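Turn these sequences into a full structure, and let the hints guide you.
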Amino acid sequence: MDLRKLLKKIISMSKLTMYAIVINCLFFSNLLATGSNAQKVQSVKDVRVSLQFKGAEVKDVFRAIERQTAFSFSYKEEDLKNNLKVNARYRRSSVADILMDLSKKSGLKFKQINEYIHVVRMTQQRTEERLEIVIQTRNVSGKVTDEEGEGLPGVNVIEKASGNGTVTDIDGEFSLNVNEGVILVFSSVGYQSQEIEIDNRSVIDVKMTEDITQLQELVVTGYGSQVKRDVTGAISSVKAKDLQEFPSPSLDQQLQGKATGVQVTATNGLPGAPVRVMIRGTNSISSGTEPLWIIDGMILSQAGELGGFSRNGSGAIGQNPLASINPNDIESIEILKDAAATAIYGSRGSNGVIIVTTKSGKNSNGKLSLDITQGITNVVRGPNEIGFVDGPTWIGIADEARANADLLPFEPNEFFNQGRDESAELTREEALGINTNYFDEVLRQGSFTDLNLSTSNGSDVANYFISAQYRKDNSIIRNSQFERIGARINLDLKPVEHLTIGTRANFSYTLNERAPNGGAPGGNTNMATGGYNMANGSALPWIPIYHPTETDLNGDPILFDPLSGRNVVASMNRDNYINDKTTYRGIGGLFLDYQLPFLKGLSLRSEFSFDIFQASNIEWGNTVIREDLDYAFDNSVTFQRLNYNFYGTYNATISQDHLLTITAGFENTTQQQRTRNLEVEGVLPAKEVGGSAEPTRIVAGLGNEIYFRGYFGRLNYKVKDRYLFNASFRYDGSSVFNESVRWNLFTALSAGWIVSEEEFFNFGAVDFLKIRASWGQTGNANIDLNAKELVYQTWGSYGDVQAGDLLDNIPNETVTWETTDAFDVGIDAEFLNNRISFSAGYYMQDVSDMLLRQPIPQSSGIFSGGPTIWNNIGDMTNSGFEFTLNTINIDKGDFRWSSNLNITTNQNEVNRLVGDDTDELYDVRSNPLVTRVGDRVGYFRLAEYAGIHPQGGYEMIYEMDLERFEETGERVRTGNTIPATRSNLQEHLFDFTEKSGLPTFFGGFTNNFSYKGLELIATFTFQGGNYIYDRSAASTTSAGGGNILRSEIVNNTWSPDNPNAEFPQLMWNNRYDVINEDGTISENVRFDNRRRGQVHDRFLQKGDFIRLRTLSLAYNLPNELTSRLKMQNIRLFVSANNLLTITGYEGYDPEVVNLGEAQSRNLGQGWVGVQLPQVRSFNVGGSFTF
Amino acid sequence: MKTIYKILSVILLISFSACNNEEYFELKNPVLDPWLNVTDMDQAPIGAYYALSGNGGSRTIFGGGRLGAELYADGVALAPEGEGYGVNADAEDVYKRTPDFEVALYDNHIFNSAYFAIGNANGPLDFIEENNGNPFPLEDDQENVDRIRGELLFVRAYAYYWLARMYLPAFPDDEKRLPLRLDQANSYEEAIVSDLASANDLYPIIIQDLKDAKDFLPETFNQEIHPSAYADGRATKFAAAALLAKVLFHTGDYDGALAELNYVIDENDGKFDLSEDPIEAFNKTGIDRGKEVIWYYALWAGDGLTTWKHPGRPSWYNATKRNSFDPADNGDRFVRASDSFLEAAGWINPDLSETTEALQDKRYTQLFIRFEDFEDEINPEPRGAYEATRPYVWGWKYYRSDADRSTNIPILRLADMYLLRAIIRANNGDEVGSLSDLNTVRNRAGLMDFTGSGDDLKEAIHLERWKEMAFEGDRLYYLQGLEMDIPEGDRTSGAVPFNSAGLYSEIPDYEIDLNQGYSVATGN
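Note that the protein sequences, when read in sequence, are chains P and L. Heads up: the first sequence begins at 1 in our numbering, then just goes up one per residue. Heads up: the second sequence begins at 10001 in our numbering, then just goes up one per residue.
The hints are simulated quantities; they were obtained by calculation from the structure and are not laboratory data. Model, not experiment: these values are computed from the prediction. Positions of the beta carbon are idealized from the N, C-alpha and C atoms, including for glycine. Check before you lean on any hint, since a few could be wrong.
[Claimed, not checked] Simulated pairs of lysine to any residue, SDA-like, Cα-Cα distance not exceeding 20 Å:
#1 L:10096 to P:669
#2 P:143 to P:193
#3 P:104 to P:139
#4 P:892 to P:104
#5 L:10028 to P:669
#6 L:10028 to P:104
[Unchecked claim] Some chain P residues close to chain L (C-beta under 7 Å, calculated; not the full set):
#7 735
#8 794
#9 799
#10 805
#11 859
#12 869
#13 871
#14 875
#15 1140
[Claimed, not checked] Quick look at which bits of chain L chain P covers, simulated, 3 or more residues with Cβ under 8 Å:
#16 10040 to 10048
#17 10082 to 10092
Spelled out as structure tokens, the structure:
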């Protein structure tokens, strides 16, 4: 092949492919054909003859050889004219030896080309070879394609025995002269090598399968990239292919179970709802436990974005900021986990970094893809699955509970808000005739449609990727839907040599119509906003939706008690209530990459990126659900985040064995937000805020300002292709902190050793083995922007319109970064021709100066029911193991089965909290979770349930040795049991230090089966080691609280006739007559708990589960068919999500995440009430590539 | 390697030259000092008043404070749960005068709200004091600065007074129990620890604050000097004096109290009198006030939206609830007038029937309501759910204006002042003066003059006060001020001494857990 032509074509390929070829060149140097013997055509060296001559002419010798062998000589007569007489005796000499002898004597030289031996006279050059052997064998050609049938350029095609080989051209075609019957090895970066016996074939077409080990792939490391093989930090990489099992509403959800160390928990099944992502457990107990997200170089804001931009009043679910990014645009996601990888992000890297790279044009053939998916969604496990009693049963239980407490039979009218709605009256008889399933009034079958169109193309000077997406989700909650329209343009231009300019631009529009999920009128809106939680709370089954007797003026039925909040049919009707959130978002930027022509190896890169967000949230309610006037609240937020960086990278080869890469640069990030709130009364129709009605309140202002600056540098040093060293630093300053504590330096060191490169390493089965270790520091600066300020809010109005100052924050001027010292060791290996690859590692993170909104005494005067102050409060260690195993279990013929298993374990221990070592964080008003020195974050402190008193019918708990507690602080049992009275629940609390709300292990297990065009993928995710307190079970198994009641208590409560029941005697007022040890009776003793956290452990359950997250079956139509249709590929698939869950947890769903502010996500995890349900979806779709 | 150094230095040079560091970090919209002028400063007392109503729902200090005070005393009883009336377990325990009991329903109503108000008063008070009483000398507005200072001191004293009554043993007592915050915490260290105060520590502080407040406050709103907001529900010199009189009386300083009472009653220059019917103190909203009202808490919302601070708790001890004028709609009420009170007042006969005397008393006819049993044909218990087996009398002093829940709450009334002076005068032997004060109140209620003397006079004053101040959370503290036993009322557990341990709550556990002042105090 013409080398220049080849190179030209290579350059015109995409960047990544080019890298791949460069790497190929490094590893496989023998690209050009060299001589070797054919099987039938023997070399002159291999053929022996016996000859004897006396005074013979050279020609005679030739003839003699010709007679005895298959060789024939060709020569010019004139070259033989030297009258040499040959006198020689050759006994079993090789023809080569004979020819060499002749050459020395005659000055002739010989060249064997197959069976021909050409004879010429030598010139006078000394270096000339006397004998050259060229075996010209037969030609084999063919085409190498990828799995989608596209020609694959740059594939090495090498004859195994000789090293003779070539590479495929731009169309994937090759041609090579080979010996008969040899084995050809086809190899390319990112694909599995294949060995193929040529037999008698002259045309060999090969389909390459992607290599799941991907050791040679480039991994984005932040401000640069590196070959995975050389990476010394802990980085998980997820490629587009693995994300596209089915189109998900947001890209973080698609990460579930895909990457080691990354725990993704869906809040619920509502489209657009936030998702919790944690890398290697909790590294902080304060605000920032979410990783840093970077999309094409844009550092997404943590405080602003992950908190969402909306007023989440009326129980509306916040919106996931990543919901505005189209998952189909993703090329790869890299998750940087240890400090070696994240320290370059310094003060924001301690929770890990997720780098998202979007697709770019790379296919010179051009490509247009259309993806269509549709699906239906259902509740995985909701109230109907748990089972609650119907209306008449409820009243029966209430009557019994009231009779046991010496009260009159149940009176429906006690429940109604007759002060607001006089018609809300119901007789007992009417109530007994009603049976409403409010769950069905809230839930429905959902559906979604996802359309995605993308096109890409590329040439020497430009390539592009353009996509557009439309997605609409009708949620499983009635009257809520999510819609996204998005477009992306990614463009790379090479206007002049050495310079690349590119843009990444993503624009999206989302509309989230949110259902209410609040309750009775109250708060600023004063609207009745019952929703799902209300249906699972006090929307009782005997309360009618429509008034049984009264009608409106037209004779139509009227809603029953709509102002109470219980009538979810009233609030979940868009004629009465609207909560719409629209967002317009642009994320994008411009980059310049300049390879200095005069200084080889040095490139400079600058990236300017922006994230501009305009969100508007209108909440409106009419007089059906609000007394007085209609009301509207218009919240509008304009957020802007600008990021600018500049850095240089220098690649130096000091000698063949010493490779060095240096990166250094700086970065600025600024962020601002302007918020406008407008409140109006008397607005009709909806959304006409600012129309005829006078605004009642307007608030506007600039805030959420952050100015951030960092300097960074990194050094990669590789010796002999096996010893890897990496050092990085970052020096960061943030406006969040006071000047004196503003700056901090974060450094990291790491090293790797590719043992398998060593000569002594000789284990045939092991193809690759790397050991790596790292240490580094990262930080967390994610705190309230005003933590260091004395802040008064001005809104508390008294009497007339003037607003008053309310103390909002007491300053802590010394609050500074939380710092994490991370230590990481790991091993990466591949076996059996890369059919098995595994990676195992241990990580330990020492967090110091943990940031916390530390609870301070109520008497401090801050206007809050639980005042806090930002403080650096202590130290914590967080450690665990990570394990990944990729295997190709079967690869035979067209059938292939591969698996991926990843498991991460996590343990944490608090090492220090402010003050002495007995300090603990515990707010019994909120929950029973304790964070204490020497123990795990957020373990449960509970009374210990000891069954039902056989004669009294009330709950018992184990007694704690109070004297011992007084003396030593130890909480131990005396062995006695005591009634679970209010005062006993207050004092007899035990530390369940092994039971916390945070999982101790999690992971994913994916199996991929393919046969010809068929592909079956099953992804399981699992987690466990955590405990969940099912508060909802506690409140719905006890009568008297006005809650719906679980079916399981029917005939299962204590009574003299049923002393072995599982639940205590029904008691409306929670007061029991306690039988004392001496046989006396204390009457009417309170059994209700005084504080939320003072409860027993009956409803504490293990949270372990394994879930079949995705099951998908796809069919790629055969190439013959697609090419006849003039298409590149057609893929059809069906899939299901959350098809199966195996768990012992009896509550709503074990996949729980406590959202709210970040602190309660950590310290309050596992303390769970009614949850919005997860969804199961069934999807069908097709992907069409033209 | 030289090349590498060169390149590195070039990159670093470019990087570091990019900025002037500190300027870069300056916020465009920084947090400003809260008070830049006197107009700003006026937001401070508004916040402090507002803070008395708590942080959400209906958690006002008045709602819970008055409920607790009534439940401990003998003027109320609980309507029986067995007849369908509602119940609250905390309220039951308070009514039982259970000692060593932490009342959870006080958490938000009294403890938190009081410290919100104190916290929001301390900051601006510190600011004024640090600036020697006049932070804005250029504005030449000392009058308003003083007025603001006086209001802040008044609110702080009022909040502490509720705390002292609800969480401390009756004065005198020297057990240090309650967090004492007289300055704004300005750092973490200051926020997490406070001194603790006993009744003996705290009452003198309250008294001093009120004396100072009285000095600083003007007698009345003057539109030429004061911002218009000051016209509405704000403390004046008379309010400070009236509250001071009550606190002094409560601590046994009758002479001190008398001086303040004389000032309030005799020197108010016609601002307050008892010329109106009793109801007129209770049915006002907006900036209206009854003529006898010295200070009311404003509950109307000028912005039309801030509706959530309206107290809900009185629905437990009031005939109606906050959003309806019809007692049939109030499914919350269960704290009724006690039989012992009604008997003492002469408002019921031994057979529980209504007396003529009751019907002659404007307070009874205007501020109470009586329902017969639920089967009565003429005046049955109106709420269908309540199967009352006998008549009950309910207080009805709340939500009485046209604007129901936006009705202002009168807190310091002239009738209270007259009756307080009447008992002090009687105890001092000034029976003429005492009778005059007593009869001023009686006449306003439509009753004839009382003419007795000696203990009869004192008993008459006690009784008159009981009737006058019923359901306003007064009775317990009046009796404590006189160091009299607290009678059993309708209970059968006997009277308890005025300083009984069953008449206040334990400090909330969450404060004790977090306030290091407690571990210092106990040595733990």
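Quick rundown of the hints versus the structure:
Only pairs whose Cα atoms come within 20 Å are accepted, and residue 10096 of chain L paired with residue 669 of chain P is rejected, the gap being roughly 63 Å. Between residue 143 of chain P and residue 193 of chain P the CA atoms are separated by roughly 15 Å; this keeps the pair inside 20 Å, and the hint holds. Between residue 104 of chain P and residue 139 of chain P the alpha-carbon distance is near 35 Å, which puts this suggested pair outside the 20 Å criterion. For the proposed pair residue 892 of chain P and residue 104 of chain P, the alpha carbon gap of about 56 Å is over 20 Å, so the pair is violated.
In summary, the hint linking residue 10028 of chain L to residue 669 of chain P is supported, as the alpha carbons are separated by about 15 Å, within the 20 Å threshold. A distance of roughly 92 Å separates the Cα atoms of residue 10028 of chain L and residue 104 of chain P; the hinted pair therefore is violated under the 20 Å criterion. Given the 7 Å rule on beta carbons, the hint for residue 735 of chain P holds: about 4 Å separates it from the nearest Cβ of chain L. Hint status for residue 794 of chain P: holds, given a least beta-carbon distance of 6 Å to chain L, under 7 Å.
Proximity of residue 799 of chain P to chain L holds as hinted, the smallest CB-CB distance being about 4 Å (cut-off 7 Å). This hint holds: residue 805 of chain P has a C-beta 4 Å from the nearest C-beta of chain L, less than the 7 Å allowed. Taking 7 Å as the C-beta cut-off, the interface hint given for residue 859 of chain P holds, the closest approach to chain L being about 4 Å. Interface restraint check for residue 869 of chain P: the shortest CB-CB distance to chain L comes to about 5 Å, inside 7 Å, so the restraint holds.
The restraint placing residue 871 of chain P at the interface with chain L holds, with a minimum CB-CB distance near 5 Å, inside the 7 Å limit. Residue-level restraint check for residue 875 of chain P is violated (minimum Cβ-Cβ distance to chain L is 17 Å; threshold 7 Å). For the restraint placing residue 1140 of chain P at the interface with chain L, the shortest Cβ-Cβ distance is roughly 43 Å, beyond the 7 Å limit, so the hint is violated. With 7 residues carrying a beta carbon less than 8 Å from a beta carbon of chain P, the region 10040 to 10048 of chain L meets the three-residue requirement, and the given coverage holds.
Note: the region 10082 to 10092 of chain L has 6 residues with beta-carbon separation from chain P under 8 Å; the three-residue rule is met and the coverage holds.
Going down the numbered hints, you'll see the structure goes against 1, 3, 4, 6, 14 and 15, while the others check out.
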